[in-house]
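Q: Each chain, letter by letter, is given below.
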Amino acid sequence: MSETKLSKNPENSGDPRAAATASGNGAAAQAATPAVDPRLLVREEGLAGYWTDFKRKMRTGELGSVPVVVGLILIWAIFQFQDSAFLSAENLSNLSVYIVGTGLISVGIVFVLLLGEIDLSVGSVSGLASAVFAVLAVNNGMNEWLAVVLALLTGAAVGAFHGYFFARIGVPAFVVTLAGLLAWNGLMLKVLGTDGTINLDREGLVGTLSNHYFTDIAVAYGTAAVAVGVFFAVQFAGARRRAAAGIPARPLSEIIVRTAVLALLAFGAAHMLNQYRGMPLALLIFLVVLVALDFVLKRTSYGRKVFALGGNTEAARRAGINVELVRISVFSVAGTMAAFGGLMIASRILAANQGAGSGNLLMEAIAAAVIGGTSLFGGRGSVWSALLGMLVIGSIANGMALLGIAAAIQYMITGAVLLAAVVIDSVSRRTQRSAGRS
Amino acid sequence: MSATPVLALRGISKRFGAVQALTDVDLEVHAGEVVALVGDNGAGKSTLVKTIAGVGPADEGVFEWQGRAVEVNRPHDAQELGIATVYQDLALCDNLDVVGNLFLGREILRSGVLDEIEMERRARELLDTLSIRIPSVRIPVASLSGGQRQVVAIARSMLGEPRLVILDEPTAALGVEQTAQVLDLVERLRERGLAVILISHNMADVKAVADKVAVLRLGRNNGVFDVASTSQEEIISAITGATENAVTRRKARTAGSRP
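So the protein lines, in turn, are chains A and B.
Here this note's numbering is used: the first residue of the first sequence is 1, the next is one more, and so on.
Here this note's numbering is used: the first residue of the second sequence is 1, the next is one more, and so on.
Bound-form chain A, shown alone (with noise of 0.2 Å):
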């Protein structure tokens, strides 16, 4: 970043003392002139600045989501190209269902990631909730809705147990999970019982999260209108304090443009939901999780704090975080995202059984945090990641099969593309530093 960097005066270079007051001279004098500092990262106003802070950003190892986006884009112009069929209505839609469950738990890894620890129970934790579940409202006839509750609790509980394991006894979280990933297994093996299968009823609470689908189409246009209005609202209204509070705000052409993007996508969805069944209930349940947390870590102090920790532990305990309390915290948020997947993918297949759980849906889960763009390092990502990241591995395991392509290998390409995910993760960081540097 050499434009970047401060000024070279030729006197700093020169004996301390005479340097130190004589920028010092300078620099009173620069603070008395208004005119605008050069060396300061100055965005220029409109499109022009936003390509340049743009490439500065990838210069500079602040990728954000923008590989996954190409992959994505790439991902499905590659099956398109061999099926139609993979970007049809049905297909999408049903891409949109499928994906919910495990992104749920991908959520909570997301949170687990941004300390900068892993969590390897998710999988376990989501089959024991949905066996909860299953046995105390199928089993027991409770209501459904406090079995729910209690299913999720159960993912709250066990994760703040992880957590405690970990902060207040230094367990490292690999291995406090890793116990976690076979006893949970253990004990949803022993809840569910002799039965081995519990099967849900398609019309229950649970059954209809993913076979409910609203066929009005004003619910999905509407959902579209609802996302971008509130999104120019809160953009424009926050360029509009900005600017009365004298900091650099957004212009309202780039506001313009953003939220045209969004619409675009926005309503592009709605209405290829709308050519199949509507909008799903299970992918608007998804979608408000995520604008919900999304809030939560980018808005209040409590994800201020998470960010921190995955920054600099240490750094944080100075600050006055209460480090043990946050990182209970986000265990048992871990927890209770790995319960509603499990619930959702027991509402998928309107079954709880001893299958819940295992295979690859906890590889998948992170898979997808780490290649929707979450640093594997601590202290970087978004929950969008776990969207973005679902999307990409599902149409992979779609469209593989789609063209009748054995399990063998899609399993090594979706391995492939988490290798290069992390891989880009690697570089991006080492990039980040080495221009910190500059």
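For the record, the hints were derived by calculation from the structure and aren't laboratory data.
Every residue gets a Cβ at the ideal spot worked out from N, C-alpha and C, and that includes glycine.
No false leads were mixed into what you were given.
A partial selection of chain B residues facing chain A, derived with a Cβ cut-off under 10 Å:
#: 1; residue: His76
#: 2; residue: Arg121
#: 3; residue: Arg156
Guided by the hints, dock chain B onto chain A, whose structure is given.
A: Showing chain B alone in chain A's frame:
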């Protein structure tokens, strides 16, 4: 310079098991004064700073704050008094932007939600009053240079409106230009009437910004020098122990001044 020192330590002693880390150490810092605390490795600089910051309270001695004897047993006590400490390892979160770091742990909220706009406005105000130039307050601290990171860390300590700032090796591992930036900032802190304790191994830095130099040797005071009228050699010999008292110092000086 005020008559009553902001901070006065009298007869501070600290023992770790069998090791007497500090013995009967005195230190005075006035408002608008930069006192460099120097000494060889193991001389007790860090121990003394920890005593002031409340991290490791002294076993014996009097801690006077603005003329009043006070007890400082926890970091919180020191912060309450108005003592800010900027540690060598900076304590910044690389992934957060400058605003996020400045307000970490004391975020400004607006109906329960982070008020980014107010925080950014105040951050700019603070950086402007300290004449700190950084590329943008909205880029992650990881992409700043070492000197810029150090000034951000110092600016962060200023948010609590302290009376005394302790800087632990602020220029270690910085280049010439970046060192000058940090020294500029130290001078601005002094202009604003703050008391500054600067721990440094770099004699050029000490000579550049400090008003007084307090030398520690083997856990004891080994002289307080006025920077303007003392040569670098004299300070160094006080650190290394080549001279032990005023008489030998004087002898050395008169011997040196003879042609």
